Every structure is written in structure tokens, then in C-alpha cells.
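Enquirer: As a plain string of letters, each chain reads:
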Amino acid sequence: MTEKLRQLMHDEVSDLTPPAPDAAIVLAEGRRLRRRSRVTTAVSAVAVAAVVVTTAGFIAQNTGDSGAKDPGPAGSTAVDAAPPAYGVGSDVHLGEVVAQVPDTVHSLHYTSVGVLVRSNPNDGASDGSGPESLTLVRWDGSTADLGTIPEGVGPATDPDRDVYALAEADGDGFVAVVRDVETGETVAEVDLPDLPKSYWEVPPLALDGDTLYVGYRNEAAAVDLTTGEQSPAAGLGGGIPDVHGGRTDFHSIEANEVSVLDARSGEELLSLDVLGSGSLSPDGEYLLLLTPGASVFGRDTSPFEVHHVESGSSVTIDEPADGWGWTADGALVRVGRDALTVCDPSTGECTETPLSPALPKNAMPRLGGRLYES
Amino acid sequence: MTRSPTDAEFTEMVHGCWGSLYRTAYLLVGDHGLAEDLVQTALARTYAAWSKVRSVEAGPAYARTTLVNTASEWFRKRSWRRELPSEHLGDPATAPHDPSLRLTVVAALALLAPRQRAVVVLRFYEDLSVAETARALGCSEGTVKSQTFDALAVLRTHLGDSVVPLNIGSSS
Numbered sequence: 001m002t003e004k005l006r007q008l009m010h011d012e013v014s015d016l017t018p019p020a021p022d023a024a025i026v027l028a029e030g031r032r033l034r035r036r037s038r039v040t041t042a043v044s045a046v047a048v049a050a051v052v053v054t055t056a057g058f059i060a061q062n063t064g065d066s067g068a069k070d071p072g073p074a075g076s077t078a079v080d081a082a083p084p085a086y087g088v089g090s091d092v093h094l095g096e097v098v099a100q101v102p103d104t105v106h107s108l109h110y111t112s113v114g115v116l117v118r119s120n121p122n123d124g125a126s127d128g129s130g131p132e133s134l135t136l137v138r139w140d141g142s143t144a145d146l147g148t149i150p151e152g153v154g155p156a157t158d159p160d161r162d163v164y165a166l167a168e169a170d171g172d173g174f175v176a177v178v179r180d181v182e183t184g185e186t187v188a189e190v191d192l193p194d195l196p197k198s199y200w201e202v203p204p205l206a207l208d209g210d211t212l213y214v215g216y217r218n219e220a221a222a223v224d225l226t227t228g229e230q231s232p233a234a235g236l237g238g239g240i241p242d243v244h245g246g247r248t249d250f251h252s253i254e255a256n257e258v259s260v261l262d263a264r265s266g267e268e269l270l271s272l273d274v275l276g277s278g279s280l281s282p283d284g285e286y287l288l289l290l291t292p293g294a295s296v297f298g299r300d301t302s303p304f305e306v307h308h309v310e311s312g313s314s315v316t317i318d319e320p321a322d323g324w325g326w327t328a329d330g331a332l333v334r335v336g337r338d339a340l341t342v343c344d345p346s347t348g349e350c351t352e353t354p355l356s357p358a359l360p361k362n363a364m365p366r367l368g369g370r371l372y373e374s
Numbered sequence: 001m002t003r004s005p006t007d008a009e010f011t012e013m014v015h016g017c018w019g020s021l022y023r024t025a026y027l028l029v030g031d032h033g034l035a036e037d038l039v040q041t042a043l044a045r046t047y048a049a050w051s052k053v054r055s056v057e058a059g060p061a062y063a064r065t066t067l068v069n070t071a072s073e074w075f076r077k078r079s080w081r082r083e084l085p086s087e088h089l090g091d092p093a094t095a096p097h098d099p100s101l102r103l104t105v106v107a108a109l110a111l112l113a114p115r116q117r118a119v120v121v122l123r124f125y126e127d128l129s130v131a132e133t134a135r136a137l138g139c140s141e142g143t144v145k146s147q148t149f150d151a152l153a154v155l156r157t158h159l160g161d162s163v164v165p166l167n168i169g170s171s172s
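Just so you know, the protein sequences line up as chains B and L, in that order.
Letter by letter, the first sequence follows residues 1 to 374 in the working numbering.
Letter by letter, the second sequence follows residues 1 to 172 in the working numbering.
Isolated chain L (complex conformation) (with noise of 0.2 Å):
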């Protein structure tokens, strides 16, 4: 039968999988004791739902997955933004112009709308496909299209052309 990983196994997974799934929860909700929580969550999901991961080997993909079916649920909430530390919601009307005070990537990220964040997160950082974003997201594939192109349009106006061009977006 499939066997529950002994809890030296699970360890050993937990203690690989999760400066990436770290790195990916941060940017997802910008902040780091929120990240270290979404990871612990899907790391436990994935130990709850053992009979479905099968292997250690499949694990760590199965928690990516967990984690960013996590997070949906999150963003889902209406008490989210609440939860979020308030130095991280920045507002863009007060964000810097002066190129040479550009914001980087992650705080740029901050200023999104949660799900517009998961879909450039999932997009150009997981490099997944508008397809595989749609389903992981459980919405359809225009609202990807829609959200890719609303959160270019922001970060391209704090990061810059030479970061987001203008003519990426349209057709994402």
C-alpha cells in the first residue's frame, strides 16, 4: 500500500522544497511571516492528502500546487487585504517616478491587487502557461488574460518600459 512517509522522509522533503517554495510564496503575498504560513499550510496539506502525492519524489510538486490553491483561497477571503501589513500596500499614486528611485520587483509587486500579483507571479516567474494559471487560479483564461495585462500596465509604470515594454501585455 502507499505508505505515509516516515516522518524522517517528510523531514528531508520539507527541508529541500522549501527555499523554493518560500521564494514563490513570498512573492505571492509580499510579505514573510505570511509566506513561512502558506508554506507550512501546503507542506501540511500535502502530508494530510498523502494517499493523492503517492511518492516523496512527487511531493514537492504537489505542494507548489497546494501552495498556490492556498493562496487563491487567501485572496478569495474578503478579510485579506486586512491581513496584510500595511507598509506593503502601497499606493501607486504616491510610488516613485524618478527613474532612478524605481521600486524593485517585489515591492512593485506589492502594489497589485492579490490575484493580478498570483497571475505575473504564475506567469513569468513559475512560467507557467495562461492555461495552467487559469486552472491553478480556478478562474477562466480571459480573466488571466485580463488581470496580465492590468498588472503590466502597473508595473510597467514603476518599473519601467525597459522592464515591462509596451507591447507585452496586449496579448498575454
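Bound conformation, chain B alone (with noise of 0.2 Å):
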């Protein structure tokens, strides 16, 4: 009965010749809804009464965010974000929620489900630990035990994925055990490439969506975890892989360059003519470049960039160096024994927040997805 009206509002729009789409406006505006939403609400998770400083660092190039178009009479949208993560003692911090672990946190990795949390009494040392305790703390505090893992690498895990990957010994070869993060059931089993191991007892894993890349001697290979396919990791070395989005960092101090490359491929997506070593934002859009600078009592006390991997711009955030990590959806944090500092990656703009109660006086806060030895 309204074929004719919906006959007539098909045949008049389609006559209408739409403006050509400015993508570069809509990824602008995409990123700084983004950014604003991690970092408001990275900050108000740790429900401090006040916020005391907001530093806002400067454009270094133009990131593109500057033209954005004004997005007319419609408010932020919700994102979910995640709260800064970080261990102190028997202590794991999500945001204003704290949880206890068994002895000293180690490690802490990010799953979509919370933090699976590494500790050991030796004082999270990584060195002589014994068996650690492998602990999920979900993101509302609540926590499940997993056992214990031997001493040696930590569980590879994905920020968007529920499950945790570690390699075992299989005969005379290694198997990668993929598990259920809430309850430490096997969901996967896959065989891993036989080729001569690194210093490690088992091979060290990381997990990038349904890639595996396991770390040798001198060289990476790639397992797909779906149908079992195992490739060369050309973008990688021996040892631990880290990769973040199918990206990994690199850097040479021969060469002097820090460069951010394909995982797999090996393609070079971003380098840089400098002195210093990088870190990926777990999604791997992101490079926090350190380079050697001003130091007082041993912590670096000048600004650092941040570079956008895929257009190269980047932007100088106005804070000492020392002791930043990532949240595990690409936020920058730092934290201080007194305050913690959040800041958008793509602006430059940065949140202080006190601590209350501080930390005390020695402590040594462990930060979410942080390698800490191995």
C-alpha cells in the first residue's frame, strides 16, 4: 500500500548527487572522539576527587586533527575504555577497582575479559622464581584462580581475545597450549615449528588475533591457530615477539633507526633516523619513541613523541620520558608514586590525577602489558 511513496523517495534521492566524501576529515574526527573517550574515561575510573594539572602537549607535525569539521549538533559517543592498569606489591589496580594476587606481581596481560596477572614470591623478579601464579583479575575486581605456570616467559595473550597461549614440551618438539582465560580449560592445541630454541626453556609466544608468533634462537615464525599454517615471521628476530596489530618494533643503534615493520612480511611501515628504541600501543597505531635525553637521578626528564605509524605525524607530549605504558586500548600512562598521568596519543593531551592513598615510598608499580625481564 506505500509502494508508491516508497517508490517516490527512491526515485527523488537517487537523482541527488552527493558531495564527494572527505575521508581524511572523518578519520580525524574518528580519532579525536576516540582519544577524548579513552582518555576521559581512563582518568575518572580511578574516582579521585580532583583533577589537579592538565598539560596539553603541541602538534610537532600536522596530524591531520587540526581541520576537522565541526560534527554538527551531536554529542561524544560511548566508547568503552579501559582503566589503567597496574600491579604494586600483592596489589592489582583497574582503575578505582583493586584486587590481591599471591606473592609479588610480576607481569601483567591484557585480555578482553581483565588482566591475567603473573606473580611469584620472589619478588616479581623474573630470575629464580620458581612456579609463578597465574591469576585473572576481570575488570570488576573479581578474580579466578589459574594454577601456576612454570618459571620462564609469560602467557601470550590478545587485549581483544579471552584466551591465553603458552608453549609446553610435546616429545621432542612444543606445542602451543591456547586456554580459556575465566577457567584455564585447553580450547586449542597447535603444533609449533621445530627449529633451535633461545634461551628459554619453552619458546616464547605472542598473541596477535588468531596469529601466533613464537620467538627462536635467531629467528620468528607465524602459526595460524585456526588451521594450524606456520610461516616464516619475517619482521621479527629471536627471542620474545612482540607484536601489537601485526606491527612490531625495531630498533638499531648501528643504524640509527627505529623503525616499526610488518610482522610477518617484514615490511618497513615507519622508520625514523634517530637514537633510541620504541614501544606499540597494543593495537599497534601508535610508536612511543625514547630517545636519550635529559636525565636527573637516573630518570629521563625530557619530552617524548609519539608517532602515528600509519601517516607519520606525531605529536611531542610535554612529560619526563621515564615509565610510560599503554592501557590496554592504546592510552598513554604513567604512574607516579603520587599521581597518574593518562594521555591521548593522537593530541598530546594529558590528564594528571592524584593518588589517594600515594604509593609508598619505594614502590615499583608494575604496568599493564609491560614485559618486565621476560
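Everything labelled a hint here was simulated from the structure, so no lab data went into it.
Remember, it's a predicted structure, so these values are computed and weren't measured experimentally.
Some hints could be false.
[Stated by the list, open to error] Sample of chain B residues at the chain L side, in silico, Cβ under 10 Å:
#1 L8
#2 D11
#3 D22
#4 A24
#5 R34
#6 D160
The beta carbon of each residue, even a glycine, is placed where N, CA and C say it ideally should be.
Since each chain sits alone in its own frame, please combine them into the complex, following the hints.
Expert: Structure, rendered in C-alpha cells:
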């Protein structure tokens, strides 16, 4: 009965000639919305009364954001954001939530349901720890005891997956065992390539979507978890693989270069002629660049840069370069004794929030997503 | 992990769905500039919420839902009518009644209240059900039915019984 109305509407708008889309404006606005949401949510999650300092970094190159068109009457959208995650002693902080794990936190690994925490009675150190406890701390602070794992390399996780993977000996070779992060139940096992292993008893792994990256003595391999297919990972060297969104960072002191490579193909995606090192965001979109700078009592007090891998644009963050990590969804975070700082890598804007109570005097917070020794 | 799309992938998606989204947006807001803003906003929000979208293939559908939600937010703002260009806010009393001077559908839609226009576009252009339209606009199914009835009555006046027959709208 409404066919005529329907047809007329289709006929009339089919004659419209839409203006050409400007994808650059859309991308810039999308990034701005995402960063704003992440920073706002991450800071509000620590539930402190007052924001005491807001620091705006300055745009070192044109990021494209400055030309963003006013989005019109719409407000901001709600986007899930991960709280800053860090461990101090046996306490695991996820924003305003605090949970306890056995002994001392060694490392925190991001998953889609929370943080997988490795802890041990050796003050969180790697060597000589003996078996380490594995505990899931969900975003709401509830925990699940996943037993112990051998001393050595940590579990491989992906911030968007609810599983973790560890390599285990299997006869003369190795398999990767993939387990449900809430129950510890095995959900998959895949054979690993038979290559000379590196320093550790089992090959260290990195999980990135459906791909496991496996580090050996001088090389690395990629294993498809769904098919078991194995292939070289040309972008990686030996040792512990570090892959985010299919990308890995690489630095060469001899070549005075920091670069980002496609982990599988080795294709160079970003190259910076600078002496330093880098750290990729969990989605591989941004590279935190650390270069030798001013030092006071062993702490780097110089500003630092964050580079957008695809566009090559960067922002300078006017904060001391020391001690930064990433939240699970890509905001920069640093935990000081009495304040937590969260920065937007696309704009350089930072928000500092006091910690109450302050951390103990000699506390050495362990940040989520970072490796500590191995 | 679900990575963000590359700029090239997202740009390709934007170009692929832009025209279709723009036409829906134009019917919803009745103005070219606002339609462009609406589509840009919806696509930017889609990019920002990529962890929920998860794949480039799912992007256009997510963007379309976001577009409708965004338009609905705009309509709820009290300032919405002041933001519309005045030439689009016709008065039904002054609209032509000579059948030979019938309005275009787009012009007739501009005579509707924003929510009524949205209901008509979603139901008869996007082919959503009453329930789907209610979800998209954040209102009850009863509201969708009553808005449909009222909107079709106005459209019938300006487009004629041949386009909007008398026997539709009452049970929509």
C-alpha cells in the first residue's frame, strides 16, 4: 500500500548527487572522538576527587586533526575504554578497582575480560622465581585462580581475546596450548615449528588475533591458530616476539634507526632516523619513541614523541619520558608515587590525577602490557 | 586482536557507503549541509567505536545504525528546529493544494516534525519494521505507530491519495 511513497522517495534521492566524501576529515574526527573517550574514561576510572593538572602537548607535525569539521549538533559517543592497570606488591589496580593476587606481581597481560597477572614469591623478579601464580583479575575486580606456570616466559595474550597461550614440551618438540582465560580449560593445541630454541626452556609466544608468533634463537615464526599453518615471521628476530596489530617495533643502534615493521612480511611501515627505542600501542597504531634525553637522578626528564605509524605524524608529549606504558585500548599511562597521568597519543593532551592514598615510598609499580625481564 | 582499519581500508569503506548514507541522511534532515554533517559524524563515530564493529565488512551497517541514532539525538535537542534552514520549514497551510502543483516527497517530508520524518524514512525508505524503528529511535512501538499515522495524514494532504492512500497508516 505504500509502494508509491516508497518508490517516490527512492526516485527522488536517486537523482541526488552527494558531495564527494572527505575521508581525511572523517578519520581525524574519529580519532579525536576515540582519544577523547579513552582519556576521559581512563581518568574517571580512578575515582579521585580532583584533576589537578592538565598538560597539553603540542603538535609537532600536522596530524590532520586540526582541520576536523565541526561534527554538528551531535554529542560524543560512548566508547568502551580500559582503565589504567598496574600492580604494586600483591595489589592489582584496574582504575578504581583493587584486587589481590598471591605474592608479588611480576607482569600484567591484557585480555578482553580483564588482566592476566603473573606473580611469584621472589619479589616479582623473573630469574629464580620458581613456579609463578597465574590469576585473572576481571575488570570488575573479581579474580579467578588459574594455577601455576613454570618459571620462564609469560602467557601470550591479546587485549581483544579471552584466551591465553603458553608453549609446552611435547615429545621432542613443542606445542602451543591455548586456554580459556576464565577457566583455564584448553581450547586449542597447535604444533610449533621445530627450530633452534632461544634462551628459555620453551619458545616464547605472542598472540595477535588468530596468529601466534613464536620466537626462536635467531628467527621467529607465525602460526595460524585456526588452521595450524606455519610461516616465517620475517619482521621478527629471535627471542621474545612483540607484536601488536600485526606490527612490531625494531631499533638499531648501529643504524641509528627506530622502525615499525609488518611482523609477517618484514615490510617497513615507519622509519625514524634517530637513536632510541620504541613501544607500540596495543593495536599497533602508535609508536612511543624514547630517545636519550636529560636525566635527573637516573630518570629521564625530557619530553617524548608519539608517532602515528600509518601517517607518520607525531605529537610531542611534554612530560618526562620515563616510565610510560599503554592501557589496553591505547592511551598512554604512567603511574607515579602520588599521581597517575594518562595521555592521548593523537593529541598529546595529558591529564594528571592524584592517587589517594599515595603509593608506598619505594613502590615500583608494574604497568599492564609491559614485559618485565621476560 | 581486532585492529583498527588502516586508513586506506577505512577510506575505501567511506567512499563505498557514502552515497547511500547521504541519501538516507538527506531524507532524515532535509538539508544538504546537515546531511553531510550527519554522515561524517556517523562515520567518525563508527571509526571511534571500531572495537564493536570488528571488521571493515560490518562497517557500513554499523554506520547506518549510528547515523539513525545520531539523527535521533539531534532531533531530541530543543535547538534542532532553529538549526534547520528556514526555507525547509514549510507551513502546511501555505502548501499548494492544486494537484498539478504537488510537492516533491522530499519537500513534503520537510513539512513533518523531525520524529515523524524519521519514522517515515525508516519505515518506508529503509524498510524497517515498527519494532526496528522503535529501537532505532529509542521510543515505543506505539509512538512509532501514532507518528506514522500522523505523518501519513500530512503527506496525504500534500502528495495526494494516489501516493498515500486513505487506507494506510491507521494500522501501521
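Enquirer: Now tell me, hint by hint, if it's right for this structure.
Expert: Hints versus structure:
no.	hint	in the structure
1	L8	holds, 5 Å
2	D11	holds, 8 Å
3	D22	holds, 8 Å
4	A24	holds, 8 Å
5	R34	holds, 4 Å
6	D160	holds, 4 Å
Against the hints set out earlier in the document, no violation occurs for any number.
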